[in-house]
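Chemist: Chains E and Y, in that order, are what the protein sequence lines are. For the first sequence, my numbering begins at 1 and goes up steadily by one. For the second sequence, my numbering begins at 1 and goes up steadily by one.
If you are wondering where the hints come from, they were derived from the structure by calculation, not from laboratory data. Be careful, since some hints might not be right.
[As the list claims (entries may be wrong)] Each pair of labels, with its calculated beta carbon distance range:
| hint | chain 1 | residue 1 | chain 2 | residue 2 | range |
| --- | --- | --- | --- | --- | --- |
| 1 | E | Y315 | Y | I13 | 47 to 53 Å |
| 2 | E | R44 | Y | M29 | 25 to 31 Å |
| 3 | E | P295 | Y | S132 | 36 to 42 Å |
| 4 | Y | D202 | E | S251 | 21 to 27 Å |
| 5 | E | M31 | Y | G200 | 45 to 51 Å |
| 6 | Y | Y295 | E | N192 | 29 to 35 Å |
Even glycine gets a Cβ: it sits at the ideal position worked out from N, Cα and C.
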Amino acid sequence: MNKNLQSLENNWNQDDFIPATNEEKESLVIMRESVGFWRDGFRRLRKNKVAMISLIVIILIMIISFIVPAFYPYSYKTQLRGSENLKPMTYSEDEQASIDSGESVFPHILGTDKLGRDYAIRIMMGSRISLLVGLIATAIILVIGSTYGAIAGYFGGRIDMILMRIVDVIYTVPDILLIVLLSFALKSPLNNLAKLPAFMWIQTVGVNLISIFIVFALLYWVSMARMVRSQVLMLKESEYVTAARALGASSARIIKKHLLTNCIGTLIVTTTLQIPSSIFTESFLSFLGLGVAVPLPSLGSLASEAINGMNTYPYLLFAPSILISLIILSFNLLGDGLRDAFDPKLKN
Amino acid sequence: MIKYISKRIVFSIITIFVVATITFFLMNMVPGGPFLSEKAISPTAQAALEAKYGLDKPLFNQYLTYITDIMHGDFGDSLKQRGRSVNSIIATKFPVSAKVGGIAILISLLIGIPLGSIAAINRGKPVDSAISVIATGGIAIPSFVICTVLMYFVGVHLKLLPTFGLTSWKHYIMPVISLSLYPTSYIMRLMRSSMLDVLGQDYIRTAKSKGLSKFVSVFKHALRNAILPVITYMGPMTVYTITGSFIVEKIFTIPGLGGDFIGAIGSRDYTLIMGTTIFLAALIVIMNMFVDIIYKFVDPRIKLK
Chain E
1 MNKNLQSLEN NWNQDDFIPA TNEEKESLVI MRESVGFWRD GFRRLRKNKV AMISLIVIIL
61 IMIISFIVPA FYPYSYKTQL RGSENLKPMT YSEDEQASID SGESVFPHIL GTDKLGRDYA
121 IRIMMGSRIS LLVGLIATAI ILVIGSTYGA IAGYFGGRID MILMRIVDVI YTVPDILLIV
181 LLSFALKSPL NNLAKLPAFM WIQTVGVNLI SIFIVFALLY WVSMARMVRS QVLMLKESEY
241 VTAARALGAS SARIIKKHLL TNCIGTLIVT TTLQIPSSIF TESFLSFLGL GVAVPLPSLG
301 SLASEAINGM NTYPYLLFAP SILISLIILS FNLLGDGLRD AFDPKLKN
Chain Y
1 MIKYISKRIV FSIITIFVVA TITFFLMNMV PGGPFLSEKA ISPTAQAALE AKYGLDKPLF
61 NQYLTYITDI MHGDFGDSLK QRGRSVNSII ATKFPVSAKV GGIAILISLL IGIPLGSIAA
121 INRGKPVDSA ISVIATGGIA IPSFVICTVL MYFVGVHLKL LPTFGLTSWK HYIMPVISLS
181 LYPTSYIMRL MRSSMLDVLG QDYIRTAKSK GLSKFVSVFK HALRNAILPV ITYMGPMTVY
241 TITGSFIVEK IFTIPGLGGD FIGAIGSRDY TLIMGTTIFL AALIVIMNMF VDIIYKFVDP
301 RIKLK
């Protein structure tokens, strides 16, 4: 019988019709798993060694300043009699006596200051204050700036014009001068307020610190607002905004759910880069004596106090100086890394 | 152009006015008054002093007098430095600060622009990485840190340079370095990124393909365009130099306006605080205005609004 070459009839056998196993199916899939915004960003961030090291440094500093003080045997405000101005890793006579009698005394890793307070714990508390100020101030800036910018950008027209003129005026007002004035002017109203039972916390936080926050809330949000506005101006022309509006979404919902969530990249980057600049400002003011209230230490005020004894006790000056530079550097580098990872358009 | 400039001038005047108003009312929120700290002062003497400085009139009248005086360029008398007007204090102290600040700005431009360009031209090479590391470090170090570290090592330890005062050229070195570190690093970064941007443009390729040397294409064509962002940074740089001078002048005991301002805050010298604030704010605002106008002038691509 002549075999018809065009017929495939005879070439098949039973085995060819067994259903494919899952493994065989998977081997044919060429699409990779879909990667969301966050995973994609973090994947890129993980490859950036400098940013990862900075992140680790920041986490370490946070552990040291937020968790370690709870277990630390000394307190930042206890003045130990007889152990004033100790050099690092040395003991006072009393402490030496108790060591000799067999007790264990925790060493003063960085010595003590002129009032006999353990300096290592003061440094830890100082960086806690600096970090807290940086984070809280940045949160204030983030909330006000993004809301303001989004409203200006979304509504446009006359509202945008008026809002942005206000921003222009604030932008040109010299902020440090105003912080100095404000912390000076707010001192007694806040002190009076602190006498009321409900506002006792003001006393511990310090009037100056509150006025720093007020100034941040009043002045520092403008660059964030400008950034968000320009993003929103671009995003509001997108189809999904039109679609949301056609479906009857309110302006507030569109801003919250669609516009701000889509500028998240810019927001993350600007926020991370805002933290070091807030810390910078706080340390500057604390250095001038306009920052936190005694006995709370901040890295700026610690450095400022140490200047007079710089010749004899240089480590009192260098410890806070190095730490503040390290904190600012790490946040800057992390911010740069985040920008590359989450917002490649911003990269120069 | 004229329309733009006049608009910009009006805007600056409004800003200065806003600052003056804020300053006035903030200062009036401070209770106690300037004469309270002085001991053994009789109520009549106090009243006489208040009458002399116009502090007994209603707040709004004080405000009006104050604004009129400012418009005549008169900041009144210092409350603590007896017999000296704020004008004369500013006139004697500001030149000192301006000299240090001006040198610092000049140095930042002279170092920052070439180094940033060199980094961009040698992108990816060791020179670039070295410059980037310096720039990143320079931005992270607060001015008080660099001041004190310099003072300790160079001034106190090695005794190479004097640590206070401002009498010879040697006295300028440390304050100027401290003040210019941040702006220099910032300009380096700014210049590097804008230079990279410009070097990728078509007109640079054209210049190269015409057979121009690398030197001419970089210095004649690229640098001019790449320098634009640095011009916009001039405004913030002035602000930084002024605020930085508070710290630098305090640490190096320089008899400048910044140190005086901090001193005035300590001694509650209201008129001096107000005068200095408004003077410095006006300086910053005017500087920003000039930068904006120059920017529009040198870059015709920017539309005049």
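Chemist: Hint by hint, say whether it matches the structure.
Modeler: So, going through the hints one by one against the coordinates:
1. E:Y315 to Y:I13: 47 to 53 Å: holds, 51 Å
2. E:R44 to Y:M29: 25 to 31 Å: violated, 50 Å
3. E:P295 to Y:S132: 36 to 42 Å: For P295 (chain E) and S132 (chain Y) the Cβ distance comes to about 41 Å; the hint holds.
4. Y:D202 to E:S251: 21 to 27 Å: violated, 42 Å
5. E:M31 to Y:G200: 45 to 51 Å: violated, 34 Å
6. Y:Y295 to E:N192: 29 to 35 Å: Cβ of Y295 (chain Y) to Cβ of N192 (chain E): about 47 Å, so the range 29 to 35 Å is violated.
Violated hints, listed in ascending order, are 2, 4, 5, 6; each of the other numbered hints is respected by the structure.
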